[in-house]
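One line per chain: the protein sequences are A and B, in this order. So the first sequence is residues 1 to 1019, counted in the UniProt record's numbering. So the second sequence is residues 1 to 352, counted in the UniProt record's numbering.
If you are wondering where the hints come from, they were derived from the structure by calculation, not from laboratory data. We put the beta carbon where it would ideally sit given N, CA and C, even for glycine. Please note that a few of the clues may not be correct.
[Claimed, not checked] Each computed DSSO-like pair below joins lysine-lysine, with the alpha-carbon atoms no more than 27 angstroms apart: (1) B:K57 - A:K863; (2) B:K308 - A:K760; (3) A:K835 - B:K66; (4) B:K81 - A:K829; (5) A:K863 - B:K308; (6) B:K239 - A:K835; (7) A:K395 - A:K684; (8) A:K533 - A:K611; (9) A:K829 - A:K321; (10) A:K863 - B:K323; (11) B:K81 - B:K7; (12) A:K835 - B:K308; (13) B:K217 - A:K760; (14) A:K408 - A:K515.
[As the list claims (entries may be wrong)] Sample of chain B residues lacking proximity to chain A, with all beta carbon distances greater than 10 angstroms (derived): (15) D122; (16) D191; (17) K239; (18) A253; (19) R266; (20) L324; (21) H331.
[To be verified] Selected chain B positions facing chain A (Cβ under 10 angstroms, derived; list incomplete): (22) S28; (23) S267; (24) E344; (25) M348.
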Amino acid sequence: MKTGSRKVVDDSDEEEDAAPVKPSTAKAKPKSQPKPEETKDEPTTSSDYFASTKKRGRPAKAPEPPKPDNSQEDTASAKSKKAAEEPAKSKKSTSRASAKKDTKVIEDETLGDNDIFASEYGKVGKGDDEYVAGGDSDDGSDFEVFEVKPAAAKPKRGPAKKSSRSDEDEDVVMEDLPKISAPKALPGRKRKSEALIDEDEDEDFEAPKKQTKKAAAKPKSTASPAAKKPKASPTKGKKEDKVESKEIQDIFDSIPTIDAPEPPQGEAKKWKFGQQQSRDPEMAGTKELPTGEENCLAGLSFVFTGVLESLGRDEGSQLVKKYGGKVVGAPSSKTSYVVLGGDAGPKKLETIAKHKLKTINEDGLFELIKRLPANGGDGKAAEKYAEKQRADEEKVRAMAAEIDAEEKRKAAAAKPAKTSQAPKSASTAQQTPSSSQPVSSGDLWTTKYAPTSTSMICGNKAPVEKLQNWLRNWHRNAKLDFKKGGADGSGTYRAVIMHGGPGIGKTTAAHLVAKLEGYDIVETNASDTRSKKLVETSTLGVLDTTSLQGYFAAEGKQIEGEKKKLVLIMDEVDGMSAGDRGGVGAVAAIVKKTKIPIILICNERRLPKMKPFDNITFEIPFRRPTADQIRARLSTICFREGLKIPPPVLDGLIEGTNADIRQVINMLSTARLDQQGLNYEQGKDMSKAWEKHIILKPWDIVSKILSAQMFAPSSTTTLNDKIALYFNDHEFSYLMLQENYLKTKPTLAGRHQGKEQKLKALELMDNAASGISDGDLVDRMIHGTQQQWSLMPVHAVFSFVRPASFQYGNFSERAGFTSWLGNNSKQGKMSRYVKEIQGHMRLRTTGNRDEIRQQYLPLLQEKIIRRLMDEGKESVESVIDLMDEYYLTREDFDAMVELGLGPMNESKIKIETQTKATFTRLYNSRSHPMPFIKASNVVAPKKGAKEKPDLEDAIEESDEEEVVDEVKDDEEELDLKKDKYVSLPKKKKAPAKGKKAKKAEDDDEEKPKKGRGKAKAKA
Amino acid sequence: MALLVDKLRPRTLDALSYHPELSDRLRSLAQSGDFPHLLVYGPSGAGKKTRIIATLKELYGPGVEKIKIDARVFQTTSNRKLEFNIVSSVYHMEITPADVGNYDRVVVQELLKEVAQTQQVDMGAKQRFKVVVINEADHLTRDAQAALRRTMEKYSPNLRLILLANSTSNIIAPIRSRCLLVRVAAPTETDICSALSLAGKKEGWTESEVLNQRIAKESGRNLRRALLMFESIYAQNEKVTDKTPIPPPDWEALVTLTADEILAERSPARLLQVRARLYDLLTHCIPPTTILKTLTFKLVARVDDALKSDVIKWSAFYEHRIKLGSKVIFHLEAFVAKFMRIYEGYLMGMDF
């Protein structure tokens, strides 16, 4: 709650400086003054209410009401008296207003956070009527006030304190305030000074502006108060005792609200999947989007519900975000507006009714955007927003200062180093000139602004702490032989594995922590080859050693004794790819026995190849930091580099890059090259241009193209976008579509009812199917003999986009993978079977393959398979006879079983195991006729012996023959093995020598094959 | 014991039971000593091959019946090895180049040249030329057919070709002009009936004239099919009467089932189921055109007359596409989708 309380303090600070401004506004619109006062009534009463409740909490404050009166008189009478008194008076009045504002703050955000302010409510409530009078007198004293101010303004805090002292009795708060702020760190003080110049601050962050401000303030009050009005308004709001400034209130009041329909009573309907037909607006794009002042919705939060007239959900939230508003998913008491469309969710309506939220339609939203002034004007929400901004700015400035200090320190360190002509490191040397102001050094911004302490790491605080703990205790754990787990269980691990998406600071954190813990770093990453061998040899030298840096240092440098500890950081462990065979295993083996801590870093921990690291490494998952965690840091960088980027734009960038800090910084660095700032549109364009291009998986492709949004009237995807979708994976996308296009509930058919709907669905289905059929003709032109690859986009449209354009809608079941591939290969296998069977039957039959399959097979199934099923083992003998008649083999029998369809489907074939066994035994024991002559001599295999040089022949003639023979034998053996008609006898005499072995083989072959006229071995 | 259809196959031209005038012509050709190249065409099951084998026997004597299968390996230009089966006797050789798909040209070139360049060495042989029978000639690619042209003329002293085809439409004109075209018409139903009764008598089965007629009709004038059906009826039934049902082949049973499913419900979900059935048929080597044809006739028989022409039209349309395209399932599915739509529209009496 630190920030919260700080913010509140901030408010009170503003009051002090607000005083000078207030009169100007009051003067600026004296005519309109009465009006706001009337409208004010309501808020006052509400705050009254709060005040009274608070009062009860602190009765001590209750008897104060008369005091404001006094002060009022004081100021009225002693206009030209002491300068110090002037602020006091103004403060008083402002304090009331501020109190009101604070009430709001408390009410909205930090209820009951600060008693001090609560105590003031009493005053506010009571002082209301006085205020009106006071306000008048103020009006009168405007000029004097300003004249006196310069003097008062110099001792910034001085007057405030003094006044509080003088008014002690009346205002306890004032006493408290300094006390709170005093012990605060420097930033707080600084802030206070800035608060004084609050108006200028918006444009300029430079602190030494006090003087100019005063100068500016004067002309403002006299000459052009109206110009400054919007900016000053946040403070003015208090004056008016209204939460909203009159103008803003006017706008707010004039926004046509609509009545939220009653939430449906009774039992809530069950949400059905198909029911959500379309969340797309009826008349999408019919209305022109309004253009408003920059950031005009600042601080307001919106909830969209139901279907709007012309605005899509996405467009709506884009619009609101663009103007600085916040879009929330579900309404709550904090919601400023609910943008209501038709068919709103009952739950949301209930909440609206409960909190009495303001509901508007989209016209109301447009009106708001058109009419609200920049930065939300002086609306209370805008004020709040502005304060938050300011707080953020403070932080940014503090951080910038920190970096400055850091750089100065470095520069200072580098200077002596330079003189001794041994620069500590290249980076520091480079940064030396940038000590005073950021000068573009050669470093990347990512290096330049790399965190230098753990507190500077965005997000992931706990993981970093874990890492630090583990590293700090590593050597102690090592002494304990990693037996004790320690508090977080990390003590038993010799290595950690950090994993998380890219650009979230894993490597940075590892290096930083290692540095802070005084380790010398040895790093390997994907740029090093890391195969098993290399990992083993290269790390060997590292694992048992200590760093030289602990003993030696470059000339003129201190020896850093603690640097002898080494840590091995292995980055991008999951990047070990095909070239790094066995690398992961080797690393895992090293991890098990390492003598130095090892930090492994990867993106994907869940990959199967990362399995070896299970249980031997301590897991430290890194998560994507939230926008809030990054924003401050990024703002700091922008500030230091002189880039002006409003927070909504930064948020947009963060969102667009998926919280990849590195990428955002790189983007900023790029933007800085030619721009001073970015607006929302530019930011959006930029993050779109930098969008990481991801190749979609087939499933994603098909679910995207068939999604209801793809072809909806409000869809912004062009035909080219859809074609591009096809090209994500042009081999699969259309197959996936064909597989899944029937699994949707077509949106186009949703408009019809009953029979018509059914017919419409069939029509769409038919159109899609014929589209796919058309696509196949194009496919043939691409993959046929012509290879007209330029037709690819045509194929995309015919086979992919067009069918989807009919069938798009919500999936009624999960998208499946295309079955075409499996069926195609199955078909290939089966047709090989048929070919085989036909080849065997060929001596007996005259039919071609198709005839065999369609005419012979049914009868053969009947006569072979069915008989085995029905008649059992008695039939085995005659079945085998029939098979032999057609030269069918055992494999052909299995193939026939597999080729059965419908009533003869493989799954329906149940042959008793006994029959089967008999069949197998009998078949194996019998000899079968062979139709085959294997003419292996067509492609005469080259005989190595023949090509042998003559020289050898001459020398060892006797050997030569044997060699030739043996070669022959080998070939034969190979052939036999390949030949499935030959069952090789298990025991085989070792091919002893030439002719003898050959003869033996001939005999072997002759035996199993009766019908074989010419033994093939004769070759 | 082989199946009837093969056991009772006529071996000589004299034994052929129908188309006597064709048999006479073939005999006189064989005896003339000037045997031309033949292109024999006709529907499946008409007896083309049987007739050719009988003619070969007339040419060479019983030696042609001693046949064996040779497996030979060819190497394509891209160094792919093709295994190719050749049925051959001493006098003739029977090849099916369509077996090797697009590489048939290689086979035709190499094999025919090899055969053509070797002269008959057996002086006792009746003829000086060898005969090469090319099965499924209408499935030869254009390249292979072009390769045949020159071979047919150049090596005519040593080689005669007999091309077998279902129709001549796919055979290029130069080849047609080099051959004597012999058309073997499908047997009439009476021819089939007499063949069946002859077979029944030889087997000693009880005869049923009506059943024979039914088979003849059912077979679509395909004698092979008729004989196989005939045998399967007798294999499945102890006693055969006129009313004995003819068991449909497994795949046809599945197509019938599919047709029933289509007619019973028309919806995308049903189309998904039908797709699974179609895939089943395709993977089990039923040619897509056969599927489409059978399915169409099953459907047409069950829809109103007004729809019939439409159904036939779309069936023809998608059959053409099957030939044009590469992924047949797409077209089969499109046909079914189209049918569902027009059938549903008709049932509801509205055109959408």
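To see whether the hints hold, each was checked on the structure:
1. B:K57 - A:K863: Violated, at roughly 31 angstroms.
2. B:K308 - A:K760: holds, 22 angstroms
3. A:K835 - B:K66: holds, 23 angstroms
4. B:K81 - A:K829: Satisfied, since the Cα-Cα distance of roughly 18 angstroms is no more than 27 angstroms.
5. A:K863 - B:K308: violated, 38 angstroms
6. B:K239 - A:K835: violated, 36 angstroms
7. A:K395 - A:K684: holds, 26 angstroms
8. A:K533 - A:K611: At roughly 20 angstroms apart (the allowed maximum being 27 angstroms), K611 of chain A and K533 of chain A satisfy the hint.
9. A:K829 - A:K321: Between K829 of chain A and K321 of chain A the Cα gap is close to 59 angstroms, so the pair fails against 27 angstroms, i.e. violated.
10. A:K863 - B:K323: violated, 35 angstroms
11. B:K81 - B:K7: violated, 36 angstroms
12. A:K835 - B:K308: violated, 37 angstroms
13. B:K217 - A:K760: With Cα atoms ~41 angstroms apart, K217 of chain B and K760 of chain A exceed 27 angstroms; violated.
14. A:K408 - A:K515: Holds, at about 20 angstroms.
15. D122: holds, 17 angstroms
16. D191: Non-interface label stands for D191 of chain B: nearest chain A Cβ at 17 angstroms, farther than 10 angstroms.
17. K239: holds, 17 angstroms
18. A253: violated, 4 angstroms
19. R266: Label violated. Min Cβ-Cβ 6 angstroms, cutoff 10 angstroms.
20. L324: violated, 5 angstroms
21. H331: violated, 5 angstroms
22. S28: For S28 of chain B, the interface hint is violated, since the closest Cβ of chain A sits about 23 angstroms away, which is over 10 angstroms.
23. S267: holds, 7 angstroms
24. E344: Cβ of E344 of chain B sits 5 angstroms from chain A, so the hint holds.
25. M348: holds, 6 angstroms
Of the hints listed earlier, those the structure fails to meet are numbers 1, 5, 6, 9, 10, 11, 12, 13, 18, 19, 20, 21 and 22, in rising order.
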